[in-house]
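Asker: Read off the chains here:
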Amino acid sequence: MNRLQVELPGLSLKNPIIPASGCFGFGQEYAQLYDLSKLGAIMIKATTLETRSGNPTPRVAETAAGMLNAIGLQNPGLEHVLAHELPWLEKYDVPIIANVAGTETADYVAVAEAISKAPNVHALELNISCPNVKCGGIQFGTDPKSASDLTAAVKAVSDVPVYVKLSPNVTNISEIAKAVEAGGADGITMINTLIGMRLHPKTGKPIIANGTGGLSGPAVKPVAIRMVHEVSRNVNIPIIGMGGVATAEDVIDFLSVGASAVAVGTANFVDPFVCPNIIEALPQKLDELGYDKLTDVIGRSHR
Amino acid sequence: MNRLQVELPGLSLKNPIIPASGCFGFGQEYAQLYDLSKLGAIMIKATTLETRSGNPTPRVAETAAGMLNAIGLQNPGLEHVLAHELPWLEKYDVPIIANVAGTETADYVAVAEAISKAPNVHALELNISCPNVKCGGIQFGTDPKSASDLTAAVKAVSDVPVYVKLSPNVTNISEIAKAVEAGGADGITMINTLIGMRLHPKTGKPIIANGTGGLSGPAVKPVAIRMVHEVSRNVNIPIIGMGGVATAEDVIDFLSVGASAVAVGTANFVDPFVCPNIIEALPQKLDELGYDKLTDVIGRSHR
Amino acid sequence: MIHQERMQVVRQQQIAEDIFELTLTGQLVLDMKQPGQFVHIRVTDTFEPLLRRPISIASINHELLQFTMIYRAEGRGMTILSAKRPGEEVDVLGPLGHGFPVEEIEPGQTALLVGGGIGVPPLYQLSKELHAKGVRTIHVLGFQSENNVFYEKEFSELDDTYIVTADGSQGTKGFVTDLLRDKAPEFDVFYSCGPTPMLGALEQTYPDKKGFLSFEERMGCGIGACYACVCNTTDATEKEYLKICSDGPVFPRGVVKL
Amino acid sequence: MIHQERMQVVRQQQIAEDIFELTLTGQLVLDMKQPGQFVHIRVTDTFEPLLRRPISIASINHELLQFTMIYRAEGRGMTILSAKRPGEEVDVLGPLGHGFPVEEIEPGQTALLVGGGIGVPPLYQLSKELHAKGVRTIHVLGFQSENNVFYEKEFSELDDTYIVTADGSQGTKGFVTDLLRDKAPEFDVFYSCGPTPMLGALEQTYPDKKGFLSFEERMGCGIGACYACVCNTTDATEKEYLKICSDGPVFPRGVVKL
Ligand SMILES: Cc1cc2nc3c(=O)[nH]c(=O)nc-3n(C[C@H](O)[C@H](O)[C@H](O)COP(=O)(O)OP(=O)(O)OC[C@H]3O[C@@H](n4cnc5c(N)ncnc54)[C@H](O)[C@@H]3O)c2cc1C
Ligand SMILES: Cc1cc2nc3c(=O)[nH]c(=O)nc-3n(C[C@H](O)[C@H](O)[C@H](O)COP(=O)(O)OP(=O)(O)OC[C@H]3O[C@@H](n4cnc5c(N)ncnc54)[C@H](O)[C@@H]3O)c2cc1C
Ligand SMILES: Cc1cc2nc3c(=O)[nH]c(=O)nc-3n(C[C@H](O)[C@H](O)[C@H](O)COP(=O)(O)O)c2cc1C
Ligand SMILES: Cc1cc2nc3c(=O)[nH]c(=O)nc-3n(C[C@H](O)[C@H](O)[C@H](O)COP(=O)(O)O)c2cc1C
Ligand code: FES
Ligand code: FES
Numbered sequence: 001m002n003r004l005q006v007e008l009p010g011l012s013l014k015n016p017i018i019p020a021s022g023c024f025g026f027g028q029e030y031a032q033l034y035d036l037s038k039l040g041a042i043m044i045k046a047t048t049l050e051t052r053s054g055n056p057t058p059r060v061a062e063t064a065a066g067m068l069n070a071i072g073l074q075n076p077g078l079e080h081v082l083a084h085e086l087p088w089l090e091k092y093d094v095p096i097i098a099n100v101a102g103t104e105t106a107d108y109v110a111v112a113e114a115i116s117k118a119p120n121v122h123a124l125e126l127n128i129s130c131p132n133v134k135c136g137g138i139q140f141g142t143d144p145k146s147a148s149d150l151t152a153a154v155k156a157v158s159d160v161p162v163y164v165k166l167s168p169n170v171t172n173i174s175e176i177a178k179a180v181e182a183g184g185a186d187g188i189t190m191i192n193t194l195i196g197m198r199l200h201p202k203t204g205k206p207i208i209a210n211g212t213g214g215l216s217g218p219a220v221k222p223v224a225i226r227m228v229h230e231v232s233r234n235v236n237i238p239i240i241g242m243g244g245v246a247t248a249e250d251v252i253d254f255l256s257v258g259a260s261a262v263a264v265g266t267a268n269f270v271d272p273f274v275c276p277n278i279i280e281a282l283p284q285k286l287d288e289l290g291y292d293k294l295t296d297v298i299g300r301s302h303r
Numbered sequence: 001m002n003r004l005q006v007e008l009p010g011l012s013l014k015n016p017i018i019p020a021s022g023c024f025g026f027g028q029e030y031a032q033l034y035d036l037s038k039l040g041a042i043m044i045k046a047t048t049l050e051t052r053s054g055n056p057t058p059r060v061a062e063t064a065a066g067m068l069n070a071i072g073l074q075n076p077g078l079e080h081v082l083a084h085e086l087p088w089l090e091k092y093d094v095p096i097i098a099n100v101a102g103t104e105t106a107d108y109v110a111v112a113e114a115i116s117k118a119p120n121v122h123a124l125e126l127n128i129s130c131p132n133v134k135c136g137g138i139q140f141g142t143d144p145k146s147a148s149d150l151t152a153a154v155k156a157v158s159d160v161p162v163y164v165k166l167s168p169n170v171t172n173i174s175e176i177a178k179a180v181e182a183g184g185a186d187g188i189t190m191i192n193t194l195i196g197m198r199l200h201p202k203t204g205k206p207i208i209a210n211g212t213g214g215l216s217g218p219a220v221k222p223v224a225i226r227m228v229h230e231v232s233r234n235v236n237i238p239i240i241g242m243g244g245v246a247t248a249e250d251v252i253d254f255l256s257v258g259a260s261a262v263a264v265g266t267a268n269f270v271d272p273f274v275c276p277n278i279i280e281a282l283p284q285k286l287d288e289l290g291y292d293k294l295t296d297v298i299g300r301s302h303r
Numbered sequence: 001m002i003h004q005e006r007m008q009v010v011r012q013q014q015i016a017e018d019i020f021e022l023t024l025t026g027q028l029v030l031d032m033k034q035p036g037q038f039v040h041i042r043v044t045d046t047f048e049p050l051l052r053r054p055i056s057i058a059s060i061n062h063e064l065l066q067f068t069m070i071y072r073a074e075g076r077g078m079t080i081l082s083a084k085r086p087g088e089e090v091d092v093l094g095p096l097g098h099g100f101p102v103e104e105i106e107p108g109q110t111a112l113l114v115g116g117g118i119g120v121p122p123l124y125q126l127s128k129e130l131h132a133k134g135v136r137t138i139h140v141l142g143f144q145s146e147n148n149v150f151y152e153k154e155f156s157e158l159d160d161t162y163i164v165t166a167d168g169s170q171g172t173k174g175f176v177t178d179l180l181r182d183k184a185p186e187f188d189v190f191y192s193c194g195p196t197p198m199l200g201a202l203e204q205t206y207p208d209k210k211g212f213l214s215f216e217e218r219m220g221c222g223i224g225a226c227y228a229c230v231c232n233t234t235d236a237t238e239k240e241y242l243k244i245c246s247d248g249p250v251f252p253r254g255v256v257k258l
Numbered sequence: 001m002i003h004q005e006r007m008q009v010v011r012q013q014q015i016a017e018d019i020f021e022l023t024l025t026g027q028l029v030l031d032m033k034q035p036g037q038f039v040h041i042r043v044t045d046t047f048e049p050l051l052r053r054p055i056s057i058a059s060i061n062h063e064l065l066q067f068t069m070i071y072r073a074e075g076r077g078m079t080i081l082s083a084k085r086p087g088e089e090v091d092v093l094g095p096l097g098h099g100f101p102v103e104e105i106e107p108g109q110t111a112l113l114v115g116g117g118i119g120v121p122p123l124y125q126l127s128k129e130l131h132a133k134g135v136r137t138i139h140v141l142g143f144q145s146e147n148n149v150f151y152e153k154e155f156s157e158l159d160d161t162y163i164v165t166a167d168g169s170q171g172t173k174g175f176v177t178d179l180l181r182d183k184a185p186e187f188d189v190f191y192s193c194g195p196t197p198m199l200g201a202l203e204q205t206y207p208d209k210k211g212f213l214s215f216e217e218r219m220g221c222g223i224g225a226c227y228a229c230v231c232n233t234t235d236a237t238e239k240e241y242l243k244i245c246s247d248g249p250v251f252p253r254g255v256v257k258l
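Protein chains in written order, with the UniProt record's numbering: chain A, 1 to 303; chain B, 1 to 303; chain C, 1 to 258; chain D, 1 to 258.
Only chain A is shown next, with the shape it has when bound in the complex (with noise of 0.2 angstroms):
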């Protein structure tokens, strides 16, 4: 029995632990260092219809526990990604989840349509979410109607599960988790980074040319904790969780409000073992936990 196993919809998962998007690239750069093969998943970067050129610079900042970005979805667009970035994935043993992002609902659809065809994508992850681009992204990630109606058109078109990624930047995420649902969601991911600025201490100017930033890294971790213990309880769709994760503890920490696997962002910078690491780690967790398997663990708060 592999005690990490996990089976959510379209994904089954060796163990729960996945890069999240835009911190992982389409895994080249990483595959240097490690076989992507022992990975969960990829959420692999956001995907636009067209070629994306992105913020300005500079487009990160440090903060206390955790970091500012704007990258503004940079990617190499669509046709690309399916004639390069996707295939070259392939010869690693571990499911795809795409990362779609646009403007307004046609180019969501369009993305989704193609790259949810492609071999190894098995589940879509829609970015309803990105507080770094000027329009599209969170727009539909903050309006329950927009979020649901996004979510079926999208779900009219894919070929495989679609997960939809939530912003934290709301009064009640749950109202949002729930119209996701309602619109057929297979899934949850949540939380995307929360807006926040720093500025240069001589100037007095935002140090990110884009102003505001979206905040990520363990600074974060108990807004995402709540959030995702609330939502668990809210809808009866499996959740991905993250938000500060560094650690098996904090797997263990999202899988037990409720989370059914983790993914993992800024902590990979900051070690670029991260996620091996924290896959070596969790059966002897478990161990001291108690707990025979993973899935044990998940919504062991609620209980």
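Careful, some of the hints might be misleading.
Stated by the list, open to error - When the alpha-carbon atoms are kept at most 20 angstroms apart in a straight line, the in silico DMTMM-like pairs for lysine to aspartate or glutamate are as follows:
#1 A:Lys-205 x B:Glu-288
#2 D:Lys-210 x D:Glu-186
#3 C:Lys-239 x B:Glu-50
#4 B:Lys-202 x C:Glu-152
#5 B:Lys-205 x A:Glu-288
In case anyone wonders, no lab produced these hints; they're calculated from the structure.
Everything numeric in this text was worked out from a predicted model, so none of it was measured.
Starting from the known structure of chain A, fit chains B, C and D with the ligands onto it as the hints suggest.
Answerer: This is chains B, C and D with the ligands only, laid out in the frame that chain A set:
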């Protein structure tokens, strides 16, 4: 000339450093350590009409560069505060900002009316953003109409200017800010805490007995800075900024994005002398940045 | 007077599994007046970990301006503290709170000192002061297992000392209250520090004795300002609640609702 | 190959105002192949400060498994790094990126090396390798003021070295480009590292020369995965953007849009 002087509705501050409500009690404890007359003002602990015994313990938990609290507005009640706490503070040359909390409009109004008549209370801080009580508090702070109405009701009875304390747990903070401005607020204080949760690593249950708590400390500073930056563009009343202030540089940051003064909360627990230390460091900071007086720094991010 | 001081590490050594003994020096020691007080320690200058940690004063040497703490290095903060070497500095706020009243017992009388785990340390300074006053002491010290036992020798040198371990690997097996029922020691006043269930069991075991208990709670400020560490009181108590950091950590029996 | 290694501090010393020289030892040194590559350093095991810091490799000693960095300790991370003592460990990711191509110049030819401030360090290893190949070098090193000048002696021992300071307190007053216009040195290839405006001025001063420039940008991953450090390219370049961490930090002149 006092380079640190700041003038705000009801408040003539010899410097812009104010211990934040709930982090400084009613001053007695820190008075053992230094002369409270050094401070710009003091925001006293939330006062409610009746005595409140607060939430069960544990009430605090540490997080990465931050902490959670769920004190639950424990306080000795209006009568006691008027009879003992405020008179005790009269021996110091420091204006008091009274943090007013309640369950419904009537309590807020009753506390505001009475406490605004105390001789050393120079302003009220209307707490519509406490995330740690079951009713009252945050529910006023997440709905523009309720926030505006409550502000107007309190303004009608208060003898001193009214500042409204905003919650960061909203989709659109400018909307709430504009609503309280329309309701007659003389100023805004922001931010209160973000809702968060931390689990006990062994049991998987929340450490804080209340379940969730309010996140504060350096971890939240980027969120606070971006919100003050945004709100200062959208209202014409002054802002007292807070959220993670621990150094003179942090104060400069809050002023840069448009705050006119700052409150210091969690940092008092880390370094009990943080307020006088910051006040002492500010003139040299001004020299380094090439400003004559602190008010020159206000809003420089926007210029 | 409460002070904040960057104190110097004099000595640091591991004395049992995960248990360290750390001696610091500085002026702040001069204000340590009562056994059972604590210090609030910042283990790093960065913001992670952020909060101070409350640790009891285990022994005081006013002449050398030194005091000693004994702590379990299991969590994040204490593990960082355990890496400090002689000459390095530690940011200490203290002395804090109200400790064990030595004046509540007369010379010639007998005190029962009951400690559990990391509740044992403050009893050491207490025992020394009681002996200096001519009070006999009986020490009953509970631990998980023999690997966790510390200061048996130090306490034995002062007076009768019984070790109890949960797994029976050293001394008597069980809880301290098991041993107390068996041995039924004679004494006048009891003083105790340890897990809350132990304190509750002690109050029940000795319903008629004068006693003083030291409590623990998660803290913010450590000085009484933040209301993090309040405890409810019994009906017999005038105040509705008490703060463990500034009103305690030591309270007479019967004051705190258990 | 990129490695992550906890390397040991061999030596740490201050060599100018706020400027430190740190030598580390470990296996990772074996993979350092090219001057101008960098390492990505984590200065603490806690989460604050969180991110790694990119620092150039200033010199390499393959025999001793040692390499040296030179850095300015002004910000939070570098100040923490500057407190590390011999025997302590530093978490290093590297070697990273593509450095200065020594193969682009022939023995007997002359290279102009232009450095500004903390852009000076990688030029030292470059100069050593160029000399090993039989290339002459001219060093033009710009600093704010005499207090900030470092490695003048080291560079002088290799070849002709000119110091320029913004305030004129040492060497020539002004910018490196002022000195270059005055002296008009003869050379075949230029190599440079320093503030972006300096790199731009150099490209303009020598429109027809072969040259290589090392760039800086704020980084996340340091290995090409996060798109934090991209720079735009000129029309003459095929790719639309380049990543400074993995495609650079050194690019041929004319590639990066300045
Ligand atoms: C008055 C008092 C005296 C104490 N004396 C001692 C002593 O002499 N020796 C000793 O080993 N321990 C003592 N403790 C317990 C000690 O404070 C905790 O073991 C310590 O805070 C754990 O910190 P950590 O960083 O290692 O653990 P972490 O789990 O990383 O701590 C996380 C947070 O929880 C708090 N916390 C965790 N456990 C406790 C606890 N049991 N009590 C209070 N806060 C806690 C920490 O202070 C910190 O804010 C005392 C506690 C109190 C209240
Ligand atoms: C390829 C490369 C090579 C470098 N080589 C050297 C060198 O040899 N010596 C040296 O002193 N400096 C060098 N730098 C600059 C060095 O990275 C920064 O000085 C350092 O990151 C500042 O960190 P801090 O914690 O002291 O400052 P802080 O201001 O506290 O840093 C905050 C954040 O901003 C980032 N940051 C701040 N300044 C810079 C900068 N100039 N470039 C990139 N990121 C920055 C930090 O990495 C950190 O994430 C190099 C930069 C790059 C990109
Ligand atoms: C540099 C960077 C780039 C990101 N890009 C994307 C993206 O393209 N699409 C997306 O859905 N989320 C993106 N995110 C958000 C992360 O996937 C993740 O939701 C967030 O960072 C919280 O997790 P963490 O704290 O582990 O980083 C990005 C985050 C970072 C730090
Ligand atoms: C222990 C604690 C108690 C608090 N109690 C109150 C309160 O009674 N009323 C209130 O308006 N805010 C209260 N707050 C919020 C602070 O006033 C402040 O808005 C917040 O902590 C952010 O600032 P900081 O990061 O500097 O702590 C409390 C915060 C803490 C940490
Ligand atoms: S810890 Fe703040 S009141 Fe006790
Ligand atoms: S720093 Fe991540 S791509 Fe360059």
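Asker: Determine for every hint whether it applies to the structure shown.
Answerer: Verification of the supplied hints:
no.	hint	result
1	A:Lys-205 x B:Glu-288	holds (16 angstroms)
2	D:Lys-210 x D:Glu-186	holds (13 angstroms)
3	C:Lys-239 x B:Glu-50	holds (16 angstroms)
4	B:Lys-202 x C:Glu-152	violated (30 angstroms)
5	B:Lys-205 x A:Glu-288	holds (16 angstroms)
When held up to the earlier numbered hints, the structure conflicts with hint 4 and nothing else.
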